Amino acid sequence: MKFFAFHLMPYRHLDFDKADAYRSYWVVLPNTHYDPQKGARLYQEYIDQLVFAAKAGFDGICVNEHHQTAYGLMPAPNLIASALIDRTRGMDVKIAVIGRALPIVSNPLTIAEEFAMLDNLSDGRVIAGFVRGIGCEYHSTEVNPIYSHERFHEAHDLIVRAWTEPGPFAFEGEHFNFGYVNTWPRCVQTPHPPIWIPSQGSGETIEWAAAPERKYPVIMAFSPVEAVIRFHESYRRQAETFGYKISGDQLGWSTPTYVAETDEIAARESAEHLEALFNNFFHIPPELLFPPGYTSIRSLQAMLESRKGLAASRVTFNDLMMRGNVLVGSAATVREKIEAIHAKTGFRIMVPMIQFGTLPDDLVKKSTQIFAEEVAPRLRPL
Amino acid sequence: MGSEFSLAWRGATIHYRRFGQGPALLFLRSEDSLPEAPAFIDSLAQHFEVVVPDHPGFRTSDTPGWLKGIGDVAYFYLDFLEQLDLRSVHLVGGSLGGWMAAEIAVRTCQRIATINLIAPFGVRRKGTPFGDIFMWTPEENVQHRLFDQALAEQFLAAARAQSPETATAYLKDRYAAARLCWHPRFHNPELERWLPRIVRPLQLIWGDSDKVVPVGIAETWRQALPQARLSIIERCGHLPQIEHPKATADKIRSFINEVGT
Chain E
1 MKFFAFHLMP YRHLDFDKAD AYRSYWVVLP NTHYDPQKGA RLYQEYIDQL
51 VFAAKAGFDG ICVNEHHQTA YGLMPAPNLI ASALIDRTRG MDVKIAVIGR
101 ALPIVSNPLT IAEEFAMLDN LSDGRVIAGF VRGIGCEYHS TEVNPIYSHE
151 RFHEAHDLIV RAWTEPGPFA FEGEHFNFGY VNTWPRCVQT PHPPIWIPSQ
201 GSGETIEWAA APERKYPVIM AFSPVEAVIR FHESYRRQAE TFGYKISGDQ
251 LGWSTPTYVA ETDEIAARES AEHLEALFNN FFHIPPELLF PPGYTSIRSL
301 QAMLESRKGL AASRVTFNDL MMRGNVLVGS AATVREKIEA IHAKTGFRIM
351 VPMIQFGTLP DDLVKKSTQI FAEEVAPRLR PL
Chain Y
383 MGSEFSLAWR GATIHYRRFG QGPALLFLRS EDSLPEAPAF IDSLAQHFEV
433 VVPDHPGFRT SDTPGWLKGI GDVAYFYLDF LEQLDLRSVH LVGGSLGGWM
483 AAEIAVRTCQ RIATINLIAP FGVRRKGTPF GDIFMWTPEE NVQHRLFDQA
533 LAEQFLAAAR AQSPETATAY LKDRYAAARL CWHPRFHNPE LERWLPRIVR
583 PLQLIWGDSD KVVPVGIAET WRQALPQARL SIIERCGHLP QIEHPKATAD
633 KIRSFINEVG T
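If you're matching them up, the sequences are chains E and Y in order.
Numbering follows my numbering, in which position 163 of the first sequence is assigned residue number 163; successive positions increment by one, without gaps.
Numbering follows my numbering, in which position 69 of the second sequence is assigned residue number 451; successive positions increment by one, without gaps.
Okay, chain E solo, but in the shape it has when bound (with noise of 0.2 Å):
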């Protein structure tokens, strides 16, 4: 099993009790509550805190992409791979961006140039995700999400060729089209950076990530471990369709996790933080995490019908716990935890949220450090 300590960089210093005057912290919410002093401060504490995960021998550390929000400070998420790449020269640690989102821009070939640049200036330790964004994505970038889909295969196309076939070349598709690709830099790594694809369980997602002449890793991410579990299953269930068995390397878990001295000092230490993330930073009504087309019409209704209720109440840590939508407890809790769900699925990419919400600096070093010494280390054989 190989460990990947991923990063959403919220802005935790807001102010909730004036964030939430607002219809949801993404969008709309004004960016005057974000404090550039303050800012500045928490991108080299965030920054600081993956270079710790990888000195303390994670196999790789990860970033995301996500815009207009508190929730997240990485709109151009690549930027800050630069960063990671330079801060840990000459150590063999991945830099995972999971992931791009490809349909929210017109010109999918900066992406492709991107990736093909991080990839040479880290001599080959590139992972590219790709994802379509969330709904919110949708409104602030006004690209239209009927077409969200297509834009996402068709961009994906075009990225693969781009970095794979000798240029220039033209492109021609139905919302992309190219006289001249001819990417330089070509990327180091052959054929191309991996490419990684995050999910939150769709089962178009699955067809296309496994069909065979992908075989891309899913990450399945912000899930209760029940449809962590189901998914996983999901994919292997497609792999046979296509005719091969599925490799655990193609399965992902990314979870926020929490590990301390007792499953009692993790449960009191990370608890309020769990709960910011969940109530406040993903606080996000349907109209913004759901945009027409974004999903099936079918899709639509049955994750509404799976929300009903949650939006009047907050959850609490007990409620996330008991949904396994996070992962909390002493090493040998955690270590069990993961343990049970790779003997279900398989699956050997685990990508541990080492910050999340509010949870301050000294609490995510100590974590990820338990988590480097205690957990990972008996978890690696698997």
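Relax, there's no trap hidden among the hints.
Here's a subset of chain Y near chain E, in silico, CB distances under 10 Å, partners left out:
| no. | residue |
| --- | --- |
| 1 | PHE516 |
| 2 | TRP518 |
| 3 | THR519 |
| 4 | GLU522 |
| 5 | PRO546 |
| 6 | ALA549 |
| 7 | THR550 |
| 8 | TYR557 |
| 9 | ALA558 |
| 10 | ALA559 |
| 11 | ALA560 |
| 12 | TRP564 |
| 13 | ARG567 |
Hints are computed from structural coordinates only; laboratory data are not their basis.
Quantities reported herein were computed from a predicted structural model and do not represent experimental measurements.
Where a beta carbon is used, it is the ideal one built from N, C-alpha and C, also for glycine.
Since chain E is already given, all that's left is putting chain Y on it; use the hints.
Showing chain Y alone in chain E's frame:
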């Protein structure tokens, strides 16, 4: 209720209804999922044969593969007029339907006699933003469309008792509206440039308290079409055909009588 018809055209079945008798009047309805405007249609049907289609992608009609943007709707309706052989048609459209009417008319007014646009999408006015119907909750989408909040509450009460079929219909209309309106938001930059191609009498009808398409946007239409008439309905939101059905129908009928056919 009117009589139900359908047209199979280019791989899609499009449903429409006909009400009353008289000169042909094509009513292109708005994108909201509120109940039809029965009083409005009844008023018009006393003097006209009113044809009310479910737009491609909306309500009971199919969502054809060729439906990518507002231009596709315009060409579809030009075919529709030919297929039904409607001539000297009085074109009436509300909101998104008003935008459709304008897109039809800039292409050709050959089969059109007069045009009435009710708070249409289609052109913008910088500094006078549209309401964000895609950000609003279903409740806000009713409340912000109407001036009369007691009426809004009636619709909301009915919606709370709705069947799942209606909920699906609500989402279908919303998906179709997004397909046509998401970006550029509620307008087509080309349309404003070609509005002078509309060579038929045109009236704009607008509620004075419209939160979806603020009445200030009428100024853009008037600059492009100086001969157009602007009729304001007071104490009225985005849906005059629902809030003031008789007054709205009367304005349309008297405009048509006045400008002749």
